[in-house]
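Number of protein chains: 2
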Amino acid sequence: MKPFSYEIHSRDGAARCGAFYTPHGILQTPVFAPVGTRATVKALTPAQLKELNATLVLANAYHLYLRPGDELVSSFGGVHQFMAWEGPMLTDSGGFQVFSHGDQRKVDEDGVTFRSHIDGSEHRFTPEKSIAIQENLGADIIMAFDECAVPDNRRYVENAMQRTHAWAVRCVNAKTRDDQALFGIVQGGIYPDLRRESADFITALNTPGIAIGGLSVGESKEEMAAMIETVVPRLPENKPRYLMGVGSPEDIVNGVIRGIDIFDCVLPTRMARNYAALTRLGQLNLRNAVFREDKRPIDPTCTCYTCRTFNRGYLRHLATTKEMLSATLISIHNLHTLIQLARDLQLAIQEQRIDAFSTEFLNNYQKHRPPEV
Amino acid sequence: MKPFSYEIHSRDGAARCGAFYTPHGILQTPVFAPVGTRATVKALTPAQLKELNATLVLANAYHLYLRPGDELVSSFGGVHQFMAWEGPMLTDSGGFQVFSHGDQRKVDEDGVTFRSHIDGSEHRFTPEKSIAIQENLGADIIMAFDECAVPDNRRYVENAMQRTHAWAVRCVNAKTRDDQALFGIVQGGIYPDLRRESADFITALNTPGIAIGGLSVGESKEEMAAMIETVVPRLPENKPRYLMGVGSPEDIVNGVIRGIDIFDCVLPTRMARNYAALTRLGQLNLRNAVFREDKRPIDPTCTCYTCRTFNRGYLRHLATTKEMLSATLISIHNLHTLIQLARDLQLAIQEQRIDAFSTEFLNNYQKHRPPEV
Numbered sequence: 001m002k003p004f005s006y007e008i009h010s011r012d013g014a015a016r017c018g019a020f021y022t023p024h025g026i027l028q029t030p031v032f033a034p035v036g037t038r039a040t041v042k043a044l045t046p047a048q049l050k051e052l053n054a055t056l057v058l059a060n061a062y063h064l065y066l067r068p069g070d071e072l073v074s075s076f077g078g079v080h081q082f083m084a085w086e087g088p089m090l091t092d093s094g095g096f097q098v099f100s101h102g103d104q105r106k107v108d109e110d111g112v113t114f115r116s117h118i119d120g121s122e123h124r125f126t127p128e129k130s131i132a133i134q135e136n137l138g139a140d141i142i143m144a145f146d147e148c149a150v151p152d153n154r155r156y157v158e159n160a161m162q163r164t165h166a167w168a169v170r171c172v173n174a175k176t177r178d179d180q181a182l183f184g185i186v187q188g189g190i191y192p193d194l195r196r197e198s199a200d201f202i203t204a205l206n207t208p209g210i211a212i213g214g215l216s217v218g219e220s221k222e223e224m225a226a227m228i229e230t231v232v233p234r235l236p237e238n239k240p241r242y243l244m245g246v247g248s249p250e251d252i253v254n255g256v257i258r259g260i261d262i263f264d265c266v267l268p269t270r271m272a273r274n275y276a277a278l279t280r281l282g283q284l285n286l287r288n289a290v291f292r293e294d295k296r297p298i299d300p301t302c303t304c305y306t307c308r309t310f311n312r313g314y315l316r317h318l319a320t321t322k323e324m325l326s327a328t329l330i331s332i333h334n335l336h337t338l339i340q341l342a343r344d345l346q347l348a349i350q351e352q353r354i355d356a357f358s359t360e361f362l363n364n365y366q367k368h369r370p371p372e373v
Numbered sequence: 374m375k376p377f378s379y380e381i382h383s384r385d386g387a388a389r390c391g392a393f394y395t396p397h398g399i400l401q402t403p404v405f406a407p408v409g410t411r412a413t414v415k416a417l418t419p420a421q422l423k424e425l426n427a428t429l430v431l432a433n434a435y436h437l438y439l440r441p442g443d444e445l446v447s448s449f450g451g452v453h454q455f456m457a458w459e460g461p462m463l464t465d466s467g468g469f470q471v472f473s474h475g476d477q478r479k480v481d482e483d484g485v486t487f488r489s490h491i492d493g494s495e496h497r498f499t500p501e502k503s504i505a506i507q508e509n510l511g512a513d514i515i516m517a518f519d520e521c522a523v524p525d526n527r528r529y530v531e532n533a534m535q536r537t538h539a540w541a542v543r544c545v546n547a548k549t550r551d552d553q554a555l556f557g558i559v560q561g562g563i564y565p566d567l568r569r570e571s572a573d574f575i576t577a578l579n580t581p582g583i584a585i586g587g588l589s590v591g592e593s594k595e596e597m598a599a600m601i602e603t604v605v606p607r608l609p610e611n612k613p614r615y616l617m618g619v620g621s622p623e624d625i626v627n628g629v630i631r632g633i634d635i636f637d638c639v640l641p642t643r644m645a646r647n648y649a650a651l652t653r654l655g656q657l658n659l660r661n662a663v664f665r666e667d668k669r670p671i672d673p674t675c676t677c678y679t680c681r682t683f684n685r686g687y688l689r690h691l692a693t694t695k696e697m698l699s700a701t702l703i704s705i706h707n708l709h710t711l712i713q714l715a716r717d718l719q720l721a722i723q724e725q726r727i728d729a730f731s732t733e734f735l736n737n738y739q740k741h742r743p744p745e746v
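Residue numbers (my numbering), protein chains in the order written: chain A, 1 to 373; chain B, 374 to 746.
Misleading hints may appear alongside valid ones.
Pairwise CB distance ranges (calculated) [unchecked claim]:
#	chain 1	residue 1	chain 2	residue 2	range
1	B	D728	A	S74	43 to 51 Å
2	B	T732	A	R270	49 to 57 Å
3	B	A539	A	R296	42 to 50 Å
4	A	R296	B	K423	19 to 27 Å
5	A	R177	B	K594	55 to 63 Å
6	B	N579	A	E86	50 to 58 Å
7	B	T682	A	R308	20 to 28 Å
8	A	R177	B	V663	30 to 38 Å
9	A	Q81	B	S473	40 to 48 Å
Simulated from the structure, these hints should not be mistaken for lab results.
Given the structure is predicted, the values throughout are model-derived calculations rather than measurements.
Idealized CB from N, CA, C, for every residue including glycine.
Chain A on its own, in the form it takes in the complex (with noise of 0.2 Å):
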């Protein structure tokens, strides 16, 4: 198949299964990544990660620009040698991070100046030096350069969105690797006329996929799939749609069934620093006391290595003694709990019974969330 064409094998209502293809192997697809922010998932090794059946893998332009410097990465053979994983890897274009992180920023039209969150220093990141960084790093699907804005001000989510466009344009004229793929980038906050409008300004730059930005930041469940919805129906049926920085159990299962095939979200590992387990019922926080003699798995129906091998009882002795081992160890039960999800939305689709999964599995985990067990 050629590199980035996106093959749909099966569909189920708004739901696909399919393969997108890239230098660094096949995404079967629903799929859900894995983000190693600093060219690390935090506490697995590249082996963890290839046994939890992980394939896209998530890293960061802002972070890697900043430390160690994406001339460094590239000089290493780009971040899929840098970091030694072999599978398909996706960068963020550094604008969610720029926002969220750098200090005193100061946007224009033409890019946005910061000072780094490590030591003060003073940078300029614009959609062609996101580009050039993104291509020093070399991953297989890279991002266009945008501008996240909270959904509180639909004045300044309307001028985000139009500097999201024009530097979309940037982007697409300033890329020069053809191993790699462009992704857009729909902005427009919760407005369903901004985000019509955005669909259609993306889906004209004819990019190899297009991805959601802009949710998962502070909306209602209801706003986020109304967003969806408005979307999707505008996007090309045979580009892989990609929901940024979207990753618990449920809103996996609510973006496949309105036409989402990516994911990625810092929860699942961020959760597990913090001793929380995902389960396909809820969480349960591993420090708590009624775990103390649970001589049972975290989740007795997960095929995971830690669920295979350890029990509550002794997961909640690392978290009590804060052993680095819990992070490890949770961090592949949940970064499983999801990959799992989605190869089972697959099947779903493949056999058409997306409706029955989705409900049920939407309706056992609004049964047990959010008391935490």
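With chain A's structure known, arrange chain B on it following the hints.
Frame of chain A; chain B shown alone:
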């Protein structure tokens, strides 16, 4: 073979290569044992330990008694099942930790009263209590409850040795499980006559293995070597000899050529958490800026996962950004270095070239140490 029998396969000078039979498998000696203080070798999964050819793993009676409690570990089937380590295990008696971690300790002839370093609660260890804890934990090798006195006060060292002897007798009498081997511990500081007396006393107890304690606690390399040379000739040939808490590369070589079979040390994992890598030519501090662009593995001759997969530049990046993965990857390398060194020493003994091996090793090591590369 009978459990806890020790079969010597080869001898070369004072060095021996053999096999110690335990209910959880055979220990090929000389062997280096990683330390899993709180039932976890920090930052490593049991699968990773197995991959780096660890055989014997330690855990700590004092720490597990305090958290999560030895009775709880027992209810989980013992420390093997609790931490999912299927190979041979050893617990130390808590003696060393009561004296190094316990606050406000009061020693009397019967035992030690101390306060927990965690919450200040009062506890009391006696030889009988230590054996009961270690029987709950269920390791293959358990240790006599001893007092490790620092070597600067002969009178105190002598008194502590006498207590250690009386306590060793009580440990032998208190022991009830026949699937555990109790090792006696020779003490006596840096005083040859005390060491001789202690070696003879402990030998007379006829335990299936004998440990040498109270070394690597501040004395010089020459004093350590002299004490080993004083003790070893008085020990029975057909029992394994365990040099407690000792484990730098040169100390292992120096121990093996003087007839030591078993070593353990927190050094390789503790150093790893401080970004220091052990090699046969000295240490590397991976935070050092000289490694920024270094495309070599930590040790080009090493076959561990870390050296097969990652270069110094990437590890320096992980160290600089304090990523958890650095502790995992450097621990894998450091432990592999010592475990492989013990295996190389086995081979050198089998091939009757321990003199040449140790002379070359120690010359290279001395030449490159201490300046950090």
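Hints, verified against the model:
1. B:D728 - A:S74: 43 to 51 Å: holds, 49 Å
2. B:T732 - A:R270: 49 to 57 Å: With a Cβ separation near 52 Å, T732 of chain B and R270 of chain A satisfy 49 to 57 Å, so the hint holds.
3. B:A539 - A:R296: 42 to 50 Å: holds, 45 Å
4. A:R296 - B:K423: 19 to 27 Å: holds, 24 Å
5. A:R177 - B:K594: 55 to 63 Å: Holds, since R177 of chain A and K594 of chain B (Cβ atoms, about 56 Å apart) stay within the stated range.
6. B:N579 - A:E86: 50 to 58 Å: The hinted range 50 to 58 Å holds for N579 of chain B and E86 of chain A, with Cβ atoms some 56 Å apart.
7. B:T682 - A:R308: 20 to 28 Å: holds, 24 Å
8. A:R177 - B:V663: 30 to 38 Å: Distance hint for R177 of chain A, V663 of chain B holds at roughly 31 Å.
9. A:Q81 - B:S473: 40 to 48 Å: Since the Cβ atoms of Q81 of chain A and S473 of chain B sit about 44 Å apart, the hinted range of 40 to 48 Å holds.
In this structure, none of the earlier numbered hints is contradicted; all agree with it.
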